[in-house]
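> Sequence:
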Amino acid sequence: MQIKLIDSSMRDWSAAVALVKNKYRAHFDADIEPAPDYFAVYYDSFNQVKACGGITVAKPVEFFSEQYLNLPIEIMLSEIEQKPIYRDDIVEVGSLASLSRQAGSELMMLIPLLVWCKGKKYILCTATSQLSRLLARLGIPFVPLQQAYGERLRGEDPLRWGNYYQNKPATGYINVCEMSGIFLANAGRYGFRNLEIDVYPEVRKSA
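The numbering of the sequence shown is my numbering, which starts it at -1 and goes up by one.
Mixed in with the good hints there might be a few duds.
[What the hints assert, rightly or not] Subject to a maximum C-alpha distance of 27 Å in a straight line, what follows is the list of computed DSS-like cross-link-like pairs (lysine-lysine):
| hint | residue 1 | residue 2 |
| --- | --- | --- |
| 1 | Lys57 | Lys118 |
| 2 | Lys116 | Lys48 |
| 3 | Lys2 | Lys81 |
| 4 | Lys57 | Lys19 |
| 5 | Lys166 | Lys21 |
| 6 | Lys2 | Lys21 |
| 7 | Lys57 | Lys2 |
| 8 | Lys2 | Lys19 |
| 9 | Lys57 | Lys116 |
| 10 | Lys166 | Lys116 |
| 11 | Lys116 | Lys81 |
Derived by calculation from the structure, the hints in this document are not laboratory data.
Could you build the full structure based on these sequences and the hints that come with them?
In structure tokens, the structure reads:
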């Protein structure tokens, strides 16, 4: 098993996009066009794509899931955490799809670690009731903020999402720093190769 972080210039990008599109079509009768900045991709022992999840970094424009919120995510998190939370502390995770429960669960455990390794502290995501239950079973601290409604989509036809919104999706966040115990419990389980680390001279005290 191997997990890689890929962008649109890399070989398996189209395979990850196809997996997401096919899964959303099969599960929700949805016709979506995933366009994250990166995919975290789970490969089996035969180097076949078995699961993937999209990761999008902060930009001046809103995250896709912010359409479901009444305020920008960094403002909501600052109020909840009672300290300044900066937009570039946050990434959005979405476009999750897998061909097996084991692959999907393994990927969900690794994505927060990848996010932490990229120097980010919070994950914004929209989770159906089924995904919320999976996150709870894995011990991933997903905190729902607001129910996600298709009527809030801007510039997109909610009908393209099929029955997705019948699965009670909620938009919320994961504080990656709260997962340190899970990371420690899995010490020795994961090995990193070709790891480059940027060291920042100053770290904001919002952690």
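> Check the hint pairing Lys166 with Lys21 against an upper bound of 27 Å on the C-alpha distance.
18 Å, holds
> Decide if the proposed pair is consistent with the structure: Lys57 and Lys116, CA atoms, cutoff 27 Å inclusive.
16 Å, holds
> So if I understand the rule, the pair passes when the alpha-carbon distance is 27 Å or less; does Lys116 with Lys48 pass?
Within the cut-off at roughly 23 Å; holds.
> Straight-line Cα separation of Lys2 and Lys19 no greater than 27 Å?
Cα-Cα ~20 Å, so holds.
> Could you grab the alpha-carbon distance between Lys2 and Lys81 and see if it respects the 27 Å cut-off?
Violated. Lys2 to Lys81 sits at ~33 Å, over the 27 Å cutoff.
> Holds or violated: Lys57 with Lys2, Cα cutoff 27 Å?
Judged against 27 Å, a Cα distance of about 23 Å means the pair holds.
> Do the alpha carbons of Lys57 and Lys118 lie within 27 Å of each other, as the hint requires?
14 Å, holds
> Measure nothing beyond the straight line between the CA atoms of Lys2 and Lys21; if it is 27 Å or shorter, mark the hint as holding.
Holds: Lys2 and Lys21 sit about 20 Å apart, inside 27 Å.
> When you check the alpha-carbon spacing of Lys57 and Lys19, does it fall within 27 Å?
Since the Cα atoms of Lys57 and Lys19 sit roughly 24 Å apart, the hinted pair holds (cutoff 27 Å).
> Regarding the pair Lys166 and Lys116, is the alpha-carbon distance no greater than 27 Å?
Judged against 27 Å, a Cα distance of about 30 Å means the pair is violated.
> So if I understand the rule, the pair passes when the alpha-carbon distance is 27 Å or less; does Lys116 with Lys81 pass?
21 Å, holds
Checked against the numbered hints listed earlier, the structure breaks hints 3, 10; every other hint is satisfied.
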